[in-house]
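My request is simple: use the sequences and hints to build the entire structure.
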Amino acid sequence: MTFDLALVWGGLIAFAVLMYVVMDGFDLGIGILFPVLREEGDRDVMVNTVAPVWDGNETWLVLGGGGLMAVFPLAYSVVLTALYAPLIVMLLALVFRGVAFEFRFKDPAHKRWWDLAFCGGSVAATFCQGIVLGAYLQGIRMAGRNYAGGWFDWLTPFSLFTGAALLAGYALLGAAWLVMKTDGPLQARLFGLLTPLGATVLAAIGIVSVWTPLLNEAIAERWFSWPNIALLSPVPLLVAATAFALYRAIARRAEVQPFLLSLLLFVLAYAGLGISLFPHAIPPDVTLWEAAAPDASLAFLLVGALVLLPVILAYTGYSYWVFRGKVRPGDHYH
Amino acid sequence: MELDALLLSRLQFAFTVSFHIVLPAFTIGLASYLAVLEALWLWRGDEVYLQLFKYWLKIFALSFGMGVVSGVVLSYQFGTNWGPFADATGPVLGPLMGYEVLSAFFLEAGFLGVMLFGMDRVGRSLHFTATLMVAVGTLFSAFWILSANSWMHTPAGHAIVDGQFVPEDWWAIIFNPSFPYRLVHMVLAAYLTTAFVVGAVGAWHLLGRRSSPAVRVMFSMAMWMAALVAPLQILAGDLHGLNTLEYQPAKVAAMEGHWETRREAPLVLFAVPDMDAEKNHYELAIPGLASLILTHDRQGELQGLKAWPKDERPNATLIFWSFRLMVAIGLLMAALGLAGLWLRRGDALYQRRWFLRAAVWLGPSGFVAVLAGWITTEVGRQPWLVYGLLRTRDGVSPVDTPVVAASLLGFVVVYTLVFGAGFYYLIRLMRRAPEIGEQGPAIGEMSRAAGVSPLAALARGEQSR
Ligand code: HDD
Ligand code: HEM
Ligand code: HEM
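In the order they appear, the protein sequences are chains A and L.
Counting along the first sequence from 1, when you hit position 97 you're at 97 in this note's numbering, and nothing is skipped either side.
Counting along the second sequence from 1, when you hit position 199 you're at 199 in this note's numbering, and nothing is skipped either side.
Since the hints were derived computationally from the structure, they do not count as laboratory data.
From the three backbone atoms N, C-alpha and C, an ideal C-beta is built for every residue, glycine too.
Take the hints with a grain of salt, since some may be wrong.
[Claimed, not checked] To give a feel for the contact side, a few chain L residues facing chain A, derived at Cβ under 8 Å:
(1) M97
(2) P287
(3) G288
[Claimed, not checked] So the derived label-pair ranges between C-beta atoms look like this:
(4) T287/A to P398/L: 52 to 60 Å
(5) E283/L to F152/A: 49 to 57 Å
(6) F152/A to L3/L: 19 to 27 Å
(7) T287/A to R393/L: 42 to 50 Å
(8) A230/A to W170/L: 27 to 35 Å
(9) R393/L to W151/A: 17 to 25 Å
(10) V414/L to A230/A: 45 to 53 Å
(11) P398/L to F3/A: 20 to 28 Å
Have a look at this one:
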């Protein structure tokens with residue numbers, strides 16, 4: 001077959017992870033914003049904006065992980081082992097975050113505690129995801145088909161920085177989502193948060209863009225050699241244009257555009273990472289083709305993915321549509 | 001045994017999967033039950049079914065949420081703790097789990113929001129569709145994950161290339177020899193688990209003189225399930241065991257506490273199998289009965305554990321007992337179901353206090369049987385990850401012992417705290433009897449006072465007798 005299954009799957013896994021990042025990104029962002037929005041009624045509204053959809057958002061994480069095992073088993077095995085500690089902490093944090101959705105309304109007497117679990121879970125999960133990203137970009141040491149590094153290889157200034165950067169990123173997504181879904185004084189406060197968050201995210205994107213090529217020569221080569229530098233220059237230019245449009249939209253008090261533009265910012269940053277890494281499944285050495293499962297596995301699952309993904313996107317869209325519109329204090333969806 | 005990364009990883013997997021499985025066992029059954037309740041409401045227009053639907057929907061929301069978060073943990077653990085296993089089996093097991101995500105998890109999650117909170121936002125038939133999709137999703141999920149699990153017990157349809165399992169025949173992989181039995185047995189187990197919880201809640205309110213049409217309907221429905229499904233489950237279990245005898249005879253020898261290969265093998269009722277001494281202590285047995293049950297011939301020959309080298313024997317001390325516990329619960333469940341049938345003749349079903357008490361006591365028995373069953377199945381697979389082909393010790397990730405110890409401790413602490421609170425909230429929801437005008441799960445309950453409105457309290461007072 002001339003059809004490059006490994007490449008197609010590389011694209012699909014990247015798509016699943018991107019879906020997860022932007023969709024659970026705004027859920028987690030809401031938790032990250034809890035410390036600055038302390039009013040109980042506000043918090044109820046914030047949680048209610050995502051209560052009907054968060055489970056679907058998190059399912060993309062399972063697709064990213066489970067799909068990886070099916071199509072790039074070597075990458076699944078080595079990367080998850082290498083990133084053991086941050087991943088386990090992330091999973092535990094997601095447990096807290098997930099149950100807090102239900103528990104904080106079930107137990108008014110301990111609502112403060114479950115708010116803390118929601119916020120702490122969101123912050124810890126995000127920080128760990130950022131660390132995972134940074135550690136992955138740095139590259140992973142292997143011997144044969146096994147992980148061969150130490151248990152704290154993932155802990156570097158760079159990965160801590162990407163952890164912090166992701167906190168700002170998700171907070172921006174969360175705030176922009178809430179601006180779209182709320183009104184009144186809560187919305188006004190959120191508008192006030194957008195500009196500083198947007199500026200922080202932009203700075204973080206800039207720093208990561210400079211730091212990554214310094215870490216790894218192949219990535220520097222990818223971006224700065226001729227003719228790549230000319231071909232790839234639209235990426236940073238688009239980031240700048242998006243940032244400017246975001247700034248204008250916030251100034252105009254637009255309700256929907258800030259969210260869409262923040263999403264676009266994420267997509268562009270993600271595309272930049274993809275350009276840096278391609279065609280590696282386990283940086284710095286193992287390519288997609290080396291890590292791929294046999295064609296029989298790739299083809300079997302691809303049939304299902306091509307048929308079911310459009311259906312999934314359709315009913316996910318339907319569910320968002322059912323719960324469209326502003327959420328107000330006292331709403332409880334029934 | 002040495003407390004190394006291997007043993008700790010096994011303990012961690014057993015701990016996290018055990019917490020997980022009790023939740024699906026309950027939600028698979030509950031999702032189907034909710035679909036039935038909603039269908040009955042739409043069809044007959046009787047408010048009682050709507051009342052019950054909304055009552056159990058709140059309980060479903062809570063358990064489903066806990067099921068999801070505990071499941072996500074599992075799907076990452078194959079990589080974190082069982083890396084070489086994931087690398088070797090990924091091409092075969094990965095697509096099965098991939099199909100689970102695509103066909104089941106998204107379906108459940110996509111329609112869950114509408115099912116829980118959408119009653120007034122979409123039409124009745126759309127809402128019913130959402131409930132149905134969630135129920136179907138849980139069954140699809142069971143289908144794929146049990147296929148994957150069964151393949152580890154009875155691998156088929158693959159080749160081994162450079163130490164990696166490579167798929168050759170997907171049909172043979174999915175419908176591997178033990179899968180149909182495991183699927184039927186587990187889905188029935190889920191239905192029974194739910195039926196006994198529903199029955200216990202009904203019985204508890206009947207005992208507390210909070211009888212109402214809704215309470216009687218739920219109790220009666222649960223007792224019908226017990227009467228019909230428990231005997232079926234015994235039959236399914238028997239067939240499952242025969243299949244296991246064919247493909248994993250060492251597991252059956254351990255379950256039965258048999259050491260010697262012999263004809264006319266006895267059915268051991270009580271014993272403490274001793275793995276080191278290779279014999280049973282305190283044995284009490286019925287001669288010839290095991291041969292009769294397992295080979296349908298008193299003279300049939302059964303292999304004993306000594307037929308396998310010591311390092312290929314599963315732990316008989318443990319699974320001899322876990323198996324007996326499950327079977328005992330199965331028999332008790334069937335007995336209760338049949339007693340219920342008997343009592344129905346005189347309309348005594350809702351009155352006999354001994355019967356109601358028994359139903360309350362058997363409430364959690366499904367969870368115990370499910371765990372006992374899985375322990376039998378999984379410990380009986382040892383020392384293999386993929387039966388006969390890949391050893392457990394060859395599948396573990398090269399993680400340092402202190403790191404795994406720390407993560408295991410983290411899971412124990414977090415799960416105890418979080419799921420402890422969750423189970424407490426579940427019990428609290430069940431202690432309240434369903435009311436007239438029962439509300440569905442509200443995510444923003446802040447606008448309603450915590451107490452019951454006077455009208456609802458009045459209505460409830462009128463109802464009970
Ligand atoms: C698709 C795979 C799969 C599925 C559906 C299950 N298991 Fe499993 N189980 C494993 C895959 C696995 C495993 C990864 O293969 C383990 C880890 C170590 C081992 O030997 O097998 C395991 C081990 C394992 C152990 C420890 C056995 C030992 O090491 O002595 C227990 C008690 C269970 N499992 C229990 C369960 C329960 C309660 C399940 C119900 C959901 C379950 N398993 C489903
Ligand atoms: C050990 C292997 C298992 C793994 C890796 C696993 C994985 C998962 C994951 C990732 C989820 C969350 C999905 C979401 O985000 O919506 C989940 C939930 C679920 N799992 Fe499992 N699971 C395992 C065992 C089982 C078994 C044996 C069954 C059924 C017989 C089962 C049935 C379900 C169901 C019905 C749900 C939906 C949530 C719920 O009902 O609580 N799982 N599982
Ligand atoms: C009295 C009748 C029963 C018999 C004869 C029976 C038989 C068996 C056997 C032989 C196995 C092991 C199969 C293997 O490892 O390959 C098994 C597993 C299991 N049993 Fe039972 N069982 C009975 C009742 C029950 C009940 C009442 C429940 C739960 C409500 C239950 C739940 C399970 C579960 C969850 C498993 C593990 C999954 C599987 O391998 O199917 N069983 N049973």
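Exercise for the section: Check each numbered hint against the structure and report the violated ones by number, ascending. Expected result: 2, 3, 4, 7, 8 and 11
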